[in-house]
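Given these sequences and hints, build the entire structure.
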Amino acid sequence: MMMKKYWKLIAIALVSVLAIGMFYINSVIAASPYPEFVIKTIQGNENEINNIVLNGTYYNRSINEPIEITKDGSHYASERSFFDRLKGNPGKQMKQYQTEYRNFMRGKYPDPASFVENKDYLVYGAIEYKPITMNPGGFEFTVSILNKKNDKTTDFDMDAPNGKYLGYIDVIDVQIVGDELQLITQSYGENKMEIKLYSFNMKTNSFIGESPIMSAAQEQKENRYADISMLNGTASNEVSKYIFLNKVIREEVQLNDGSSNSKEIDNELYVYNLETREKEAVKLPKELQVQEKIFDGSTIYSMKTDENGIVVTPYNIEDKAVQAKFTIKQPQIDKDAESFKAIKGGKLYVLVHGTDENKTATLTIVSLETGKSLYQGEIVKAKPAAEFDNCSLYLGDMEIE
Amino acid sequence: MKRYLKLVNFEFNRFAKLYAVLLAITVVLQIAGVIVKSKSYLNQANKAINEDMIPKAQFLSETGPMSMIDITTSNWFFGPIALCIAAVAFYIFFIWYRDWFGKNTFVYRLLMLPTARLNVFFAKITTILLSTFGFVALQLILLPIESTILKWMVPKEFRVDSIPQEIIRSMRELSIIIPQSFIEFVLYYGAGFTAVAILFTAILFERSYRIKGILMGIAYCLVGVIFFFTPVLIEEFLQVNYFYPLEMLGIEIGIGVIVLAVSILVSRFLLNKKIRV
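Quick mapping for you: the protein sequence lines, in order, are chains A and B. FYI, our numbering numbers position 219 of the first sequence as 219, with every residue one higher than the one before it. FYI, our numbering numbers position 29 of the second sequence as 29, with every residue one higher than the one before it.
If you are wondering where the hints come from, they were derived from the structure by calculation, not from laboratory data. A few of these clues could be false.
What the hints assert, rightly or not - Partial chain B-side listing against chain A, Cβ under 7 Å, derived:
#1 Tyr4
#2 Ala16
#3 Ile25
#4 Ala89
#5 Thr132
#6 Phe133
#7 Pro144
#8 Ile145
#9 Ile149
#10 Glu166
#11 Ser170
#12 Leu174
#13 Ser181
#14 Glu184
#15 Pro245
Each residue gets a CB set at the ideal place from its N, CA and C atoms; glycine is no exception.
In structure tokens form, the structure reads like this:
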């Protein structure tokens, strides 16, 4: 009697609970619909890749999924739990800071370039844009210093000097030299790009002053562009004595088919000593100047791809000498292949994208001391390759803990 | 409890006919969509390969194989969903106003029932929630069926099979209706439930104070929404990110519960003391 009267209600409730419940239970237990990617060791010690995370995107027709590949295999963004996705992925180092120094990291944008750490301090320095303040331009330096010994945090703010002349300013590195905190900024205003150093006394929390490092005026010729960038190298949250700046002038060349191509006109490399505040041009041999460069401590590594692999030429800026070059052999070399390079703990990590469907990329680790290969591996689809014909993997970043 | 269930049953049965029609439209249109889309794809393939003499491999690389995603992005698929969404939105208002404007002011009898008047509110909001879940369930049942029909119609070499999770993720609208994890499902529909409670309270303001009540109802909605988003708005305005995402989620859940509780209390007050028949 009761059932008969309520059947519609019972039916819809039951069907809803079952269908929705089954769907979510199935989502948890079902295998991933995407292929598994692994780093297959070709040669060397597998332990070398324990600390590597490769980030990329998996494409299959209208699907694109962020993917993370480590020694243990691949993890797709959709496989991460809701809470994990909510927390975001600012990278291992920033995540570690967020767990270890939760309150210090509160409200700080997790960009490795804004942090520096030594045995006593963890320092954050950034520019915040606050258009509602009285400060012309609205740019404000924000500095936080955590004394790791007594767990005390000191914060202070300061309006960026000459803010009204700036169109844009960003902190590109934070460094500690003795008791001095240095913010290296890149700014753009009044038709020139400038790299400047702002220093603060960490004992008294006061502003010491600013020193110009470099500037590039906007070229008079219409289609020429000057750009200054920091050379990649030692992780930016580590203390280093030097920073390397690369000034490149490019010219946009209009091609016949209407498209345009940019051509490098000039490429100058400078080293800035943060202790002595001296800038010096790095006189690299001509053929090295145009090559891709990465630094570690006081050595610059120039890299070029040829038919045997990647040729690495070290150059020490202290004794101003080119050292013995070495070649990183690549199993299948493609001159146009995109590659990512990083240095950590005296090792050079190279990730090269293949163009072959099945062999997606190769990863090589070389000891910088000896030039010998420590590890070589391939990123490949683990099992059923045939099922995922239309798919492709693009790796866009390599993280080394 | 029994009174409440009786009221839910009563409310649901009043909606049942229209609801059944909506379910039927969804089933018919979506399945028709699979058939029509598959047929037109096969015709296209047939014409290309047999008439224009394009090799099969070339056709596949140029046009691509057929998949459920071609169907979900067509109006055959989303049309009925949009219709159901519109119907629920309309029914949120109609579920109250039919009692006043229907034959022989039914609301009079409804409010005279020997039970807490708030049960009327709960019965109506349960009906809205349950019918929404019914639509979601139907879609979840239909997806594998549609995939199977596609498998019958299109030969293997011309199609890509995908599981329901993939189909849902490939379409933004669908992944809002059916979120990726159960936690998100609870959060999304909890937020929806709260929004409906706010709207119900606004309707009751109007039913209590008529013209003046419209303004009160609109003001109530605005206050509710602004209060709910206060932490986000403050962070946005001051340009700080003081809270970690998980903390923000906790705060928002807390505020959501407060907004819901206030809506229920205000509705009880209006139903008990101010409602006009």
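Consistency of the hints with the structure:
1. Tyr4: Cβ of tyrosine 4/B sits 12 Å from chain A, so the hint is violated.
2. Ala16: The hint holds - alanine 16/B has a Cβ within 7 Å of chain A, the shortest such distance being about 5 Å.
3. Ile25: violated, 17 Å
4. Ala89: violated, 19 Å
5. Thr132: The hint is violated - threonine 132/B has no Cβ within 7 Å of chain A, the shortest such distance being about 9 Å.
6. Phe133: Nearest chain A Cβ about 4 Å off; hint holds.
7. Pro144: Where the cut-off is 7 Å and the nearest Cβ of chain A is about 10 Å from proline 144/B, the hint is violated.
8. Ile145: Hint on isoleucine 145/B: violated, closest Cβ of chain A at ~12 Å, above 7 Å.
9. Ile149: violated, 18 Å
10. Glu166: Where the cut-off is 7 Å and the nearest Cβ of chain A is about 5 Å from glutamate 166/B, the hint holds.
11. Ser170: With a minimum Cβ separation of about 5 Å from chain A (threshold 7 Å), the hint on serine 170/B holds.
12. Leu174: violated, 12 Å
13. Ser181: holds, 4 Å
14. Glu184: Nearest chain A Cβ about 5 Å off; hint holds.
15. Pro245: holds, 5 Å
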